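K.L.:
Assemble the complex: chain Z is given as a structure, and chain V must be docked to it using the hints.
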Amino acid sequence: MRLPRFFSKKRGHRRTGSEVWGSVGEALFHAALMVAGVAFGGLLVTGIAVPEWRINHDFIESRGTVVGKGLARRSTGGSAAAQASWQPSVRLRYPAGAEAAEAWAFDGPEEPDRARALERLDRVRLGEELPCWYDPARPAHVVISRGYNWWMWALTLLLPGALLAFGGAGLARSLGRWGRSEERQAATGHRPRDPLAEGAASTTGHPGIPSCEDLVNSPGTILRYRLPIESPESWNLLGLGLFAVLWNAVVALLAVNAGLDLLGGRIDWLLLAVLVPFAVVGVGGVVAFTRSLVLATAVGTTQLEISAHPLRPGGTYEALLAQGGTGAFRDLEMSLELEERATFRQGTDTRTDRLVVWRSPLGSWQGLQLSPGTRFEVRATIHVPAAAMHSFASEHNGVNWRIVIRGRPTRWPAFTRAFPVVVFPLSPGEPAA
Amino acid sequence: MTHLPDPIRQHPSVTVQFCSPDRRYEPLQSIAIRYTVDLPPGQVARAVERSIVWYTEGKGEEDIGVHTFERLTDRATAEATTGGFESRLPASPLSYEGVIVKIRWCVRVRLFFDAGRDFVSEHVFDLGRVPAAAFPGRS
Numbered sequence: 011m012r013l014p015r016f017f018s019k020k021r022g023h024r025r026t027g028s029e030v031w032g033s034v035g036e037a038l039f040h041a042a043l044m045v046a047g048v049a050f051g052g053l054l055v056t057g058i059a060v061p062e063w064r065i066n067h068d069f070i071e072s073r074g075t076v077v078g079k080g081l082a083r084r085s086t087g088g089s090a091a092a093q094a095s096w097q098p099s100v101r102l103r104y105p106a107g108a109e110a111a112e113a114w115a116f117d118g119p120e121e122p123d124r125a126r127a128l129e130r131l132d133r134v135r136l137g138e139e140l141p142c143w144y145d146p147a148r149p150a151h152v153v154i155s156r157g158y159n160w161w162m163w164a165l166t167l168l169l170p171g172a173l174l175a176f177g178g179a180g181l182a183r184s185l186g187r188w189g190r191s192e193e194r195q196a197a198t199g200h201r202p203r204d205p206l207a208e209g210a211a212s213t214t215g216h217p218g219i220p221s222c223e224d225l226v227n228s229p230g231t232i233l234r235y236r237l238p239i240e241s242p243e244s245w246n247l248l249g250l251g252l253f254a255v256l257w258n259a260v261v262a263l264l265a266v267n268a269g270l271d272l273l274g275g276r277i278d279w280l281l282l283a284v285l286v287p288f289a290v291v292g293v294g295g296v297v298a299f300t301r302s303l304v305l306a307t308a309v310g311t312t313q314l315e316i317s318a319h320p321l322r323p324g325g326t327y328e329a330l331l332a333q334g335g336t337g338a339f340r341d342l343e344m345s346l347e348l349e350e351r352a353t354f355r356q357g358t359d360t361r362t363d364r365l366v367v368w369r370s371p372l373g374s375w376q377g378l379q380l381s382p383g384t385r386f387e388v389r390a391t392i393h394v395p396a397a398a399m400h401s402f403a404s405e406h407n408g409v410n411w412r413i414v415i416r417g418r419p420t421r422w423p424a425f426t427r428a429f430p431v432v433v434f435p436l437s438p439g440e441p442a443a
Numbered sequence: 274m275t276h277l278p279d280p281i282r283q284h285p286s287v288t289v290q291f292c293s294p295d296r297r298y299e300p301l302q303s304i305a306i307r308y309t310v311d312l313p314p315g316q317v318a319r320a321v322e323r324s325i326v327w328y329t330e331g332k333g334e335e336d337i338g339v340h341t342f343e344r345l346t347d348r349a350t351a352e353a354t355t356g357g358f359e360s361r362l363p364a365s366p367l368s369y370e371g372v373i374v375k376i377r378w379c380v381r382v383r384l385f386f387d388a389g390r391d392f393v394s395e396h397v398f399d400l401g402r403v404p405a406a407a408f409p410g411r412s
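Each protein sequence line maps, in turn, to chains Z and V. Under the working numbering, read the first sequence as residues 11 to 443, first letter to last. Under the working numbering, read the second sequence as residues 274 to 412, first letter to last.
Only chain V is shown next, with the shape it has when bound in the complex:
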């Protein structure tokens, strides 16, 4: 379970619970997410986007691939403080900790407020069990 600390309570916080406690999944396995939104007093979300994406990190420009994407705009759902969604993960790409290229999987919950402001909460998990790459020259 992830909790983003926010002691002065000016920003929203999103708590996410994965169905697998160690956040490690196998390709084609189902994933179920529960999340709780905690908004500062007076703030109301007008839309929520929840997605499962992979993205690259490292030396290169960031690439992103969307596995599931859902945008909820009806007032009742957007204002709800809890939610959940499920999906079957794809066969690839697997999470990878390379030297100049890394592949990360994550769940993102993005809240939209008035005046075009938004807040995104990202929660990383692993797909597959590929060990980290060794440093150059080591085999």
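In isolation and in its complexed conformation, chain Z is listed as follows:
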């Protein structure tokens, strides 16, 4: 017997699994999250909110005499690495209705430092009278302070609130799609969107064609537009920089703690054992970031200007390439490329494959010698084939046109810089541009 598959999986051009079972599984998952949120929220409300509310509304005010005092010790963790905290406590004798009651009450928050807890306890004198509030249902339960801890409320409600919101929204989405065909979901906007997909906004009147507003908002110095660069290297550089800063901040904190211990005459071997590999990784992060930064900036900037945008099939356009920097280049190449992009799930990963399916060389220059203050400038002619596919972008797929510059400096590694362009289709009856 074959069990139904809950989640569909893409295998080449076909998809396995059942959409119905997938929807059932998804709805059950979100319903479970909602139930967990309700249960967790209920526990927190009954464990924290209700007792606090009762103290502030139901407890009866009285005055108690301090007949004893002491420190309550609370230990967390195992016996070897137990962390203790201390809370001043007072024993009160107070009238509870017609009878006298006597019980311990905590005085203020816990202290990790025993000396400070003792200091607070010393301020309370035996025989002193304090206002207190006792539970009418259980007179032996008494408190000497009231009020609401709003931070505690916010923090404790955060997790159940998130579970309820995520589960509820997912369940509503699943129910909204229930029994609806793929076309109906897409037509009514109920089709789920992949948060990790790249999809771009379409141009008005041209479904599926990415907007080129961001490509025409920068005027060129000689030609009409200066094209923005598509640079995944910049994101890598930013990521490496953030990693180096955050990691080394942690290392610095550990190092300060270790230094304070050493100054106090103590050596925390465990802390030192952690600190050494952390420091090695931190230094590695700085080296990697510095190397990437040098490579990204040493070659010099590449700028590309174009005479018109968006491009049309059959159109001929002028481009101006400007390469800055210093030193010698073995060669510099410019080409027009058509790249297909496909984003797909593989297990729990989301992967994107890119494939250049068409390339047309626009120019190649050898033996360049660049000097500071000047830049290498060259004009090239771009011809878009008359039968060219237009640019296309959907949530998981794309057909992207771009002008690519490849350079091989003599002293630095080779680099590739891409400048996206948008190709629109010809309107019916419109002659090739």
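All clues given are correct.
Here are a few chain V residues that sit away from chain Z, every Cβ distance over 12 Å (derived from the structure):
#1 GLN283
#2 SER286
#3 CYS292
#4 ASP295
#5 PRO313
#6 GLN316
#7 VAL317
#8 ASP347
#9 ARG348
#10 ALA349
#11 ALA353
#12 THR354
#13 THR355
The calculated lysine to aspartate or glutamate pairs, modelled on EDC-like cross-linking and capped at a C-alpha distance of 20 Å, are:
#14 LYS375(V) <-> GLU349(Z)
#15 LYS375(V) <-> GLU347(Z)
#16 LYS375(V) <-> ASP399(V)
#17 LYS375(V) <-> GLU192(Z)
#18 LYS375(V) <-> GLU335(V)
The set of hints was computed from the structure by calculation and includes no laboratory data. Predicted, not measured: the structure shown is a model, and the values here were computed from it. Cβ atoms here follow ideal geometry from the backbone N, Cα and C, with glycine treated the same way.
P.N.:
What follows is chain V alone, placed relative to chain Z:
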């Protein structure tokens, strides 16, 4: 004209006729569809959805765009064995036969039966005249 063969007649079949015999259309051109539904004995459709959509095929997850969508739920229309609809096609996206990305246009007629069962019939056509992409490295 498309006919889905069904020799044992357990499933419905939908025959679709395009106004352009070669099923090739230009952007912004009008398209007219006639369809005939052939149901097995005893089966009655309680709703019909007819749509013109594009979708992607290939290595990536499937994306879909709906150009026209119509859901007919009144009993008389749903039970009718013939029907038709017209639309003006959009300017894009054009049909594309890429290497890892393909864009297809199609007419879909989806029949809904009792107990949540449905049957979809898909009929592909071309929008535009973009040649198939060459294999990588060929220009």
